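Engineer: Residues per chain, in single letters:
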Amino acid sequence: MVRCWPWWDIHGILQSTPAPAPARPTVTLQASPASVNKGESSTLSWNSTDATQLSIEPEVGAVTAQGTTKVTPSDSTTYTITASGPGGSASATATVAVNAPPPPPPAPAGPTDDELFLREVRDAYFDYDKADIRPDARTALSKTADFLKSNPKFKVTIEGHCDERGSTEYNLGLGDRRASAVKQYLVSLGVPADRLSTVSFGKEKPFCMESTEACWQQNRRGHFVRAN
Amino acid sequence: MQPKLRGFRTFLFLILLALSGKSVSAQDWFRTAIGMDANKPRVAIADFTPRADSAKSHSILFTQIVRDDLQFSGILEVPSPSFYPPQAPSVPAELKPAIWIDPPTNANFLGFGNLTESTAEVAIEAWLYDVRNPSSQAVVGKVYRGAPTDLQVRKFAHQFADEIIGKLSGGLPGVASTQITFVSSRNGSKEIWGMDYDGSNQRQLTNLKSIALTPRWSPDASRIAFTCFAPSAGLTSAQICMYSMDTGKLVSFPRFRGTNITPAWSPDGTQIIFSSSMQGNPELYVSDINGGRPKRLTNANGASMSPSWNPKTGQTIAFVSDRGGTPQLYLMNSDGTSATKLDVPDKGYVIDPAWAPNGQLLAFSWRRPNDNYDIYIMDAATRQIVELTRDQGRNERPSWAPDGRHLVFESTRGGTRQIWTMLADGSQPHQLTTSGHNESPNWSPK
Chain A
1 MVRCWPWWDI
11 HGILQSTPAP
21 APARPTVTLQ
31 ASPASVNKGE
41 SSTLSWNSTD
51 ATQLSIEPEV
61 GAVTAQGTTK
71 VTPSDSTTYT
81 ITASGPGGSA
91 SATATVAVNA
101 PPPPPPAPAG
111 PTDDELFLRE
121 VRDAYFDYDK
131 ADIRPDARTA
141 LSKTADFLKS
151 NPKFKVTIEG
161 HCDERGSTEY
171 NLGLGDRRAS
181 AVKQYLVSLG
191 VPADRLSTVS
201 FGKEKPFCME
211 STEACWQQNR
221 RGHFVRAN
Chain B
1001 MQPKLRGFRT
1011 FLFLILLALS
1021 GKSVSAQDWF
1031 RTAIGMDANK
1041 PRVAIADFTP
1051 RADSAKSHSI
1061 LFTQIVRDDL
1071 QFSGILEVPS
1081 PSFYPPQAPS
1091 VPAELKPAIW
1101 IDPPTNANFL
1111 GFGNLTESTA
1121 EVAIEAWLYD
1131 VRNPSSQAVV
1141 GKVYRGAPTD
1151 LQVRKFAHQF
1161 ADEIIGKLSG
1171 GLPGVASTQI
1181 TFVSSRNGSK
1191 EIWGMDYDGS
1201 NQRQLTNLKS
1211 IALTPRWSPD
1221 ASRIAFTCFA
1231 PSAGLTSAQI
1241 CMYSMDTGKL
1251 VSFPRFRGTN
1261 ITPAWSPDGT
1271 QIIFSSSMQG
1281 NPELYVSDIN
1291 GGRPKRLTNA
1301 NGASMSPSWN
1311 PKTGQTIAFV
1321 SDRGGTPQLY
1331 LMNSDGTSAT
1341 KLDVPDKGYV
1351 IDPAWAPNGQ
1361 LLAFSWRRPN
1371 DNYDIYIMDA
1381 ATRQIVELTR
1391 DQGRNERPSW
1401 APDGRHLVFE
1411 STRGGTRQIW
1421 TMLADGSQPH
1431 QLTTSGHNES
1441 PNWSPK
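So the sequence lines, in the order shown, correspond to chains A and B.
Going by my numbering, the first sequence wraps up at 228, each residue one higher than the last.
Going by my numbering, the second sequence wraps up at 1446, each residue one higher than the last.
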């Protein structure tokens, strides 16, 4: 016997078709910045679909479907977010690299070579137009010689300088004679000549720029600089 | 305009003055020595005629540069253009000599011509006529063709001016096409610069970023020797450097021990003389132009430097030495023999010797006790002295133009150190640089 379905029953048939399977969750995770120095923090941000439960390990724990959080790992850490829902589960990872701090500087063991040099080495000052070693310069150079003799690792350059009154050319010659006079005096006090070099700057590199005798005196000198 | 001789201050001169009762004789020797004793011809330069609007600005530029060059020469007068007749000839057929001879122009000679200009080329026709001899041929007649740039038009104007000066000076060349090298720190470090003789076209030549000093042209103007600070054996010290104008680069020069400064050229351009402490004391050495075979010329206490080789005779070298306690001028033979001090009437610093092209006059800087530096000229034969600058800041480092009538020098008279020129009698001072600090000028020999 043939049964005839009323038209509205057709609707009932369609309605009774089985529901599709739940969608599988998706999830993303990012760390910004991906690289930090120790003690600095990075921001994790995530996004998900079709998940009912999310958690980030380590440290963070359960989170909502999307969001951000700051993390401050002590070492490089790979964070994993796991998303689960009716359709299954998914996961994503992001790594925060932690740069190791530079090793602490060694504890200072007294003055550096530069500090020692500046403290112990004395420049020689000159009279106007002269390259003769004055009595005060003898005292200064004796100290310098003592230092150089007891610290044989130091090599020095002696710079000859002049005040602005003479000509450029004459002062280059005079500065050369001043530097040589300082070198000869140190050698006479027992400093090996091969540790001493000389250069003249004439009036090209003044220490002091005013046109006064006090300033000119500053510029008439044999000046020591480390050569090594 | 009568160039004015400035103070004659030597005791010697004062004695002469007292004996003779007048200063004319001293002026005469000096004016003859610098070739400025002739009557000055009056040379009018009519406005050059532009053949089209496009040539207008270069016509004005050309006319102005020629007038400036002639005025600068010191051997002729350029009547003020405001006196000129209204009609300027553009070609010889249009020349009406009579209206240029009449007062107030009073010309002896007239320069005139025209400019044609396209985007590719400027063409300049330029003449000089003796308007008091209307039947005569042109004294100068030239056509210049080249790129239509300001730089090129300037060059042509300088060439035309030099043609006129050469013709009217009895053979002494004009200097309008010459160059001046100098030291400038306007961009930071002291570098070698170049410029036209009138201060235009200033340009940086070296870029060493250390300290460059004392540039000196070779006699053919193809190279500049100078003092540089350069590394040698692990130490940066004063050395001799050499710049080529042809390549725009440094030419290698050997490094020596010690302080190496103040190079100068032999007149034939085959040797360099410089101060060096390569053997201990700063002495003068001569080498070939590549620095080969340095040979010591002096042997004295103190330092010797700043040599100037007599460009005419090649026999005598002037230099500075402080062997007597303070820097003074000395003369010696070019083989180093017979060094003698050039005495000046009172003490002080005597530095910066520079031989004139004629080999007779020596310009130098002198700082008298309790005074500033000033420029002087000495006649090497008679030892007569003329002072060219006075009470205007610090004036140093004179260098002669190849015409022997002009000097370039550095002066602080404007507040900062700048390059100036003047006629060799001290008149017509003219400032060439304004930017930053500028010093140590040297005038190209050609």
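Calculated from the structure, these hints are not laboratory results.
Just to be clear, a hint being listed does not mean it is correct.
As the list claims (entries may be wrong) - Below, a list of computed lysine-lysine pairs in the DSSO-like style, where the Cα atoms sit at most 27 Å apart:
hint : chain 1 : residue 1 : chain 2 : residue 2
1    : A       : Lys130    : B       : Lys1142
2    : A       : Lys130    : A       : Lys205
3    : B       : Lys1347   : A       : Lys130
4    : A       : Lys183    : B       : Lys1295
5    : A       : Lys155    : A       : Lys183
6    : B       : Lys1142   : A       : Lys205
7    : B       : Lys1096   : B       : Lys1142
8    : A       : Lys70     : A       : Lys130
9    : A       : Lys130    : A       : Lys153
Source: prediction; values computed, not measured.
Engineer: For each hint, tell me whether it holds in the structure or not.
Structural biologist: Results of checking the hints against the structure:
Restraint check for A:Lys130 and B:Lys1142: not satisfied, since their Cα atoms lie roughly 60 Å apart, outside the 27 Å limit. Between A:Lys130 and A:Lys205, the direct Cα distance comes to roughly 18 Å. Compliance with the 27 Å bound is thereby established for this hinted pair. Restraint check for B:Lys1347 and A:Lys130: satisfied, since their Cα atoms lie roughly 16 Å apart, inside the 27 Å limit. Only pairs whose Cα atoms come within 27 Å are accepted, and A:Lys183 paired with B:Lys1295 is accepted, the gap being roughly 25 Å.
With a C-alpha separation of about 12 Å, the suggested pair A:Lys155 and A:Lys183 falls inside the 27 Å cut-off, and the hint holds. The straight-line distance between the Cα atoms of B:Lys1142 and A:Lys205 is roughly 52 Å, outside the 27 Å bound, and the hint therefore fails. Our distance criterion of 27 Å between C-alpha atoms is met by B:Lys1096 and B:Lys1142, whose separation comes to about 20 Å. Between A:Lys70 and A:Lys130 the alpha-carbon distance is near 72 Å, which puts this suggested pair outside the 27 Å criterion.
Restraint check for A:Lys130 and A:Lys153: the C-alpha separation of about 32 Å exceeds 27 Å, so the hint is violated.
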